[in-house]
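Engineer: Residue-level listing of the chains:
4 protein chains.
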Amino acid sequence: MIRVAIIGASGYTGVDAIEIFLRHKKAKLTYLTALAEECGKADEVFSQLKGRCPLDIEPLDMDKLTSLADVVFCCLPHKVSMGFVPKLLDAGLKVIDFSADYRIKDLGVYEKFYQPHTDAENLAHAVYGLCELNRENIKDAKLIANPGCFPTSVLLGTAPLLKNGLIENSFIVNSVTGASGAGKNPSKNFHFPNMNENFFAYGIGSHRHMPEMEQIAGELADDNVEILFQPHVGAFDRGILSSIYCQGKTDISDKQLVELFNEFYKDEQFVQILETAPMLKDVAGSNYCHIFPAVAKGKIVVFSAIDNLVKGASGQAVQNMNIMFGIDETEGLL
Amino acid sequence: MIRVAIIGASGYTGVDAIEIFLRHKKAKLTYLTALAEECGKADEVFSQLKGRCPLDIEPLDMDKLTSLADVVFCCLPHKVSMGFVPKLLDAGLKVIDFSADYRIKDLGVYEKFYQPHTDAENLAHAVYGLCELNRENIKDAKLIANPGCFPTSVLLGTAPLLKNGLIENSFIVNSVTGASGAGKNPSKNFHFPNMNENFFAYGIGSHRHMPEMEQIAGELADDNVEILFQPHVGAFDRGILSSIYCQGKTDISDKQLVELFNEFYKDEQFVQILETAPMLKDVAGSNYCHIFPAVAKGKIVVFSAIDNLVKGASGQAVQNMNIMFGIDETEGLL
Amino acid sequence: MIRVAIIGASGYTGVDAIEIFLRHKKAKLTYLTALAEECGKADEVFSQLKGRCPLDIEPLDMDKLTSLADVVFCCLPHKVSMGFVPKLLDAGLKVIDFSADYRIKDLGVYEKFYQPHTDAENLAHAVYGLCELNRENIKDAKLIANPGCFPTSVLLGTAPLLKNGLIENSFIVNSVTGASGAGKNPSKNFHFPNMNENFFAYGIGSHRHMPEMEQIAGELADDNVEILFQPHVGAFDRGILSSIYCQGKTDISDKQLVELFNEFYKDEQFVQILETAPMLKDVAGSNYCHIFPAVAKGKIVVFSAIDNLVKGASGQAVQNMNIMFGIDETEGLL
Amino acid sequence: MIRVAIIGASGYTGVDAIEIFLRHKKAKLTYLTALAEECGKADEVFSQLKGRCPLDIEPLDMDKLTSLADVVFCCLPHKVSMGFVPKLLDAGLKVIDFSADYRIKDLGVYEKFYQPHTDAENLAHAVYGLCELNRENIKDAKLIANPGCFPTSVLLGTAPLLKNGLIENSFIVNSVTGASGAGKNPSKNFHFPNMNENFFAYGIGSHRHMPEMEQIAGELADDNVEILFQPHVGAFDRGILSSIYCQGKTDISDKQLVELFNEFYKDEQFVQILETAPMLKDVAGSNYCHIFPAVAKGKIVVFSAIDNLVKGASGQAVQNMNIMFGIDETEGLL
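Chains as they are written, first to last, in this note's numbering: chain A, 3 to 336; chain B, 3 to 336; chain C, 3 to 336; chain D, 3 to 336.
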């Protein structure tokens, strides 16, 4: 049994991870931590867990953590995470980090969007955990930078095009996410009477997932890639649909596109190529990514749908863990 | 032109009143006030008013108020309102108060559910503004206690039965309200990812609208009335549906019930009797109350639907104002 | 491995059962059938199954069924089911029937609410599959009448009271169900622009789940029980919340109620007693029932929440199957 | 009083028009028609009109229509409309047509997306009723082609750029509409359990509003314009948000963009320029268009929000009527 701890277990990604581990046959939760004011019995912090999870969520105790866990899901926010990760690694734990702190290799870029980086050493060795595109490196990783939700949808949706040099290296991504993407803290925009029946754009021109996408897309294309990424939020709980507008370099038909994507992902359980536009609801609550590539007005348009909290966070983290520990990659995720 | 001021204009009932006055041909808004931290241009405080309302929302200045208004909509919370109303009345203004402070005549009951009452004098003269049931008194009122949203739905739904002595004086009310009933301040339960797709009961055994209902129902029945009132909240913006379970005193048929209700409300524009269960959505955004009385398993069940913010608050307040000023009762409300 | 067939697999209960079996370690789906016009690859009929279920949904072939399955989930509609069940039993298959056809023992009552019954013989031996209340009989059953969704919520919510003779044998149930309860066929009321932001009552005085509740409640109370059952539908996908209003026979406190319920269900994984009103969303997608009993205005009010398609249908069916085959009752359901 | 008839009054645009006329002080509804199977009392066909509209919806009788109306709102579907419009015009009635039949001047384009056109004569004289951009021509029009909902949002959002030659003549429009855009007939995708919590793209590469946009955008730019228009549908009732991605021809700042748009629309009541992303909910139920232009990654991105049924259909039709009859353009629409 793999012994799993979750640090920062009191948020939405935490509870999604907990629920996955309730069904995981090869791993078990041993330790849950959060800020003192968010601690308590797990099934009181999350009333949906009533009778299902006997653990407490406790303030972090490094000794306890070290003795109880083989791997740590670090669900801390950006900027906070890099204060903890070095200690976890020093203690010999494997770490899957949910924040952006270990995703962006270029310190200058990171620091422009976030803050000064205090752990360049581990950053250098962190492995970007987009399972389908980076599986070999994940196997031996000590520290996984679990990808952002938007980047997961966009990178899976464009990898076959970028790898094959089929599109210009500048494209537009119009994404919509469900409201769970905003996290669990109440705020004006996400107050139900404001958010319900609403839809709006945010992060115009500067969303922090943009450099993450550009970095990995650039690696896939082996060239600089520039992405105009525009997120929106819709009045639903879960899911991200990215509509990606690319300029093809050569003529390609709808049929060829679908074949290309099917071939590229032919061994992947969690990436499914459709021949029609994905229904976001079909991937809600699951670790699947549904992709439909099409030709429209001379451009290539790709629709890519995931659950932002599962394939976009906790599910992909478990998938990474499964790869790191050499067990069936789909365990707990079907 | 009736000159209208709104005190406490920065909440949901405030903006609903503002929107009604944008269409009112015999009254106009002259002054809007709120707590200092909620002031600003009306169309910035409420972005849906952009370009529609040139007023500012300002901190209250009594001199300005007195010189600008004939009638004040007092949209302050319970307990706060009675600190202001005496001054407004002393200044010669007519007042329509949205709080519970002037609804409950029995000080002991009020104080049990709220706090010590500091304005017993005006309380004694306040008129309960349930227009259809109390129109004559409203005409000459200086101070209207605008009814609560739940009581409006329940009292309109049972008045024909209570007035005609057709039901036992103890009944059960199962109500559901939309999330706007919780007001504009973000909170955990009303955070979109918690409230969306949710439904729950609250205020079990002790909701503060219970004594208000019992008082007026008792006046209608000319007897003590006891109501087990159980509110719930659903994942929609607007509306209240009350399902009211009564024990009839005599046999009555479905047809007779509908006839009784139709006769009782035959001159009322805003109360419509249906022959099928009301759709809550049909009254959303309107000042109408849709009622369907039926016989089920030997009991009388009444379904009564209103918009909690319109007929249950701002719409009824305007209707009261129209009555007080002798103009067409439906002005601004169709 | 238990081999499972689903007849009538093309509806909502069918796909929920399929999803459960994707995670079940001791049973596997071997055969799926539906009306010819609803057949096809399972992952095309249900696009959320894309890449997850390799089976076809085929027209029923009795020989194939008999050779492929040990147990049949019969997800056919009321009235249709009893045309198939006798053949299934004759072929030696165990049957878990989702319809009402084998739930109501009194033929006269069944025929009043449905139609002439054509299989009185098997009806006599059918076991009512409310797992927590009837486990011993389920173990040896050949034919399970899987309970209705509303009855499941109401019976679990009142069993401790009825069994202990604590309430009068006449009570009121006000329930709300999500829109999935209406099934998959488009209709006017459930057209999104009509249903969204809506809420309404239906089946006034005569819902078909009423006699089913009364029969089992009567067995629990060992007396006639009369239930005024009033369902409503809300604008959410999943879940039933029943608010049950009972007259207690003796004084009981909130604390005693909670203790009584906790004691009654102390060995039950899937029934959790709360000390606050259940959030419907907490049970959405799960096989759990959350119950909160309370005293209000001298009455006992019980709130009971389940997922209508899981504990109210497919989940409970799997729970029944697990009991029948002597495996861990929670397998596939955690 | 302007006397108004609505042909095809039984759909969503019909009832929205009816509700507007309930508040219109200078026009009144005199005649409502629909297909025979959709006729009945208006307040039974639309239960939200209960007690509010005394008219019947009747099968069309041309004599009656001619004697009762000055202007006809023709709410018939594409392809059907052009069978009626010539008769209406011949009878001397003014016509505001909601279909696409009179919007596209190029017969070849129309026929590619729809069918052979049977009324080229009137098409030649029809005036495109985008009020803010074509007011002078609307004043004297006999036949208005009321714009499509998507084109309204896109053309208002790009007109200041196109007219001033500030963007390349090829751009991308990513739009989302509420579910009311699909009309009132139940269908699989819009069945509540399918649509709720869902989001998806449709009409990929070929939506019929594309040529309409391109034609008018071309007139504004005085050049050919090519638009990749990609609509999506979200789980809400009302509203369209178009996110428009353009390549600027020259450098321009956020501030200059806002100034340009403010200047362009400075006399327009119903177009409001924001300095932040529009909230779709702010325009739901209103005739307003909220626009926010911004610079992002070297491109110009414009967000344009309207209510699809009001400014995108019935509200704009009333606005057109007000212009045609020389009355206050905002009457009934504030």
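Hints listed in this document are in silico derivations from the structure and should not be mistaken for laboratory results.
Remember, it's a predicted structure, so these values are computed and weren't measured experimentally.
Please note: incorrect hints may appear among the correct ones.
Said to hold, decoys possible - Partner residues aside, some chain D positions facing chain A, computed with beta carbon under 7 Å: (1) PHE202; (2) ALA203; (3) GLY205; (4) LEU243; (5) SER245; (6) LEU282; (7) LYS283; (8) ALA296; (9) PHE327.
For glycine and all other residues, C-beta sits at the position ideal for the given N, C-alpha and C.
Engineer: The structure should be examined with respect to each hint, and the outcome stated for every one.
Structural biologist: Right, here's what the structure says about each hint:
1. PHE202: holds (5 Å)
2. ALA203: holds (4 Å)
3. GLY205: violated (9 Å)
4. LEU243: With Cβ-Cβ at 5 Å, under 7 Å, it holds.
5. SER245: Interface hint status for SER245/D: holds (6 Å vs cutoff 7 Å).
6. LEU282: The hint holds - LEU282/D has a Cβ within 7 Å of chain A, the shortest such distance being about 4 Å.
7. LYS283: holds (4 Å)
8. ALA296: holds (5 Å)
9. PHE327: violated (34 Å)
The structure fails to meet hints 3 and 9 from the earlier list, while all remaining hints are met.
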